[in-house]
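2 protein chains.
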Amino acid sequence: MNKTDEKYMRVALKEAHKAAALNEVPVGAVIVCNDKVIARGFNKREINNDPLGHAELIAIRKASKKRNNWRLVDCDLYVTVEPCAMCAGAIMWSRFKRVVYGANDPKGGAMGEIFNLFDEKIVNHIPEIKSGVLASECKDLIQSFFRNKRQL
Amino acid sequence: MNKTDEKYMRVALKEAHKAAALNEVPVGAVIVCNDKVIARGFNKREINNDPLGHAELIAIRKASKKRNNWRLVDCDLYVTVEPCAMCAGAIMWSRFKRVVYGANDPKGGAMGEIFNLFDEKIVNHIPEIKSGVLASECKDLIQSFFRNKRQL
Numbered sequence: 001m002n003k004t005d006e007k008y009m010r011v012a013l014k015e016a017h018k019a020a021a022l023n024e025v026p027v028g029a030v031i032v033c034n035d036k037v038i039a040r041g042f043n044k045r046e047i048n049n050d051p052l053g054h055a056e057l058i059a060i061r062k063a064s065k066k067r068n069n070w071r072l073v074d075c076d077l078y079v080t081v082e083p084c085a086m087c088a089g090a091i092m093w094s095r096f097k098r099v100v101y102g103a104n105d106p107k108g109g110a111m112g113e114i115f116n117l118f119d120e121k122i123v124n125h126i127p128e129i130k131s132g133v134l135a136s137e138c139k140d141l142i143q144s145f146f147r148n149k150r151q152l
Numbered sequence: 001m002n003k004t005d006e007k008y009m010r011v012a013l014k015e016a017h018k019a020a021a022l023n024e025v026p027v028g029a030v031i032v033c034n035d036k037v038i039a040r041g042f043n044k045r046e047i048n049n050d051p052l053g054h055a056e057l058i059a060i061r062k063a064s065k066k067r068n069n070w071r072l073v074d075c076d077l078y079v080t081v082e083p084c085a086m087c088a089g090a091i092m093w094s095r096f097k098r099v100v101y102g103a104n105d106p107k108g109g110a111m112g113e114i115f116n117l118f119d120e121k122i123v124n125h126i127p128e129i130k131s132g133v134l135a136s137e138c139k140d141l142i143q144s145f146f147r148n149k150r151q152l
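Sequences listed follow chains A and B, in order.
For the first sequence, the residue numbers in my numbering are 1 to 152.
For the second sequence, the residue numbers in my numbering are 1 to 152.
Just chain A, with the same shape it has in the complex (with noise of 0.2 angstroms):
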């Protein structure tokens, strides 16, 4: 295991609790740029009323507005659970260098579950990526979301 991936998805994890906290589906993001944390964001669809509120989203906007500058060419993003295709299509456009996500969402996984963004033939940028980095944990904190969820 890659110490620093590890390292930067507990940071993405920290996010996610935060998203958990305010009952929300909790996934959480972070972008990292030369060793660096230049933006954090978990998710905030129902308390922000913003179908655009994924933790993705949330820190690239962050990311671009601080370096003034919407290419992350030399970024990577790391995501508790895999891109949906919003998102996906997000880092696309924001050519990140690297992709790292934590667990895999079977329901609507967009680089490589339910189908891979970076698989089309869409004349652009495809980042490094690598899936799998604390994939227990990041899918256990969705899981047991979703299960208390269901007692409720």
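Wrong hints could be hidden among the right ones.
[Unchecked claim] Calculated cross-link-like contacts (lysine to aspartate or glutamate; reagent style EDC-like; alpha-carbon spacing at most 16 angstroms):
(1) K107(A) to E120(B)
(2) K97(B) to E128(B)
(3) K66(B) to D119(A)
What the hints contain is simulated information worked out from the structure, not anything from laboratory work.
Assemble chain B onto chain A, guided by the hints.
Only chain B this time, still in chain A's reference frame:
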């Protein structure tokens, strides 16, 4: 040709022209609910330095904020060009009733041209989809924009 669709596509085209005037790729979007425009947007990627600055996402954010609801189930989205994967994903999450677009996008269209997100086995909302409304006007605008760019 459906006169209502044509009417709202003209509003979206007006948005696209605003983008062109700012040297942005000319795509415009408008969200309609009960025969009333509730949000508009045009591509602002460069001026906002925002990889998420597509017309559709800008209009969706405005509409959900205005209605204080991420579910836009009674709304129709009009957009001059076929949505990309990111925007098609956002359309899915926002649960639009209907999506109407003008020109196909052979380079990145995710609603039929490169692939169709709504054909993927993602258990979620599928809107009614109509394409080709004022297609030649929408296409001409984009094409003349890129033609002028190449001549600079």
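Status of each hint after checking the structure:
1. With a CA separation close to 11 angstroms, the supplied pair K107(A) and E120(B) stays within the 16 angstroms bound.
2. For the given pair, K97(B) sits about 6 angstroms from E128(B) by alpha-carbon distance, which is consistent with the 16 angstroms threshold.
3. Restraint check for K66(B) and D119(A): not satisfied, since their Cα atoms lie roughly 37 angstroms apart, outside the 16 angstroms limit.
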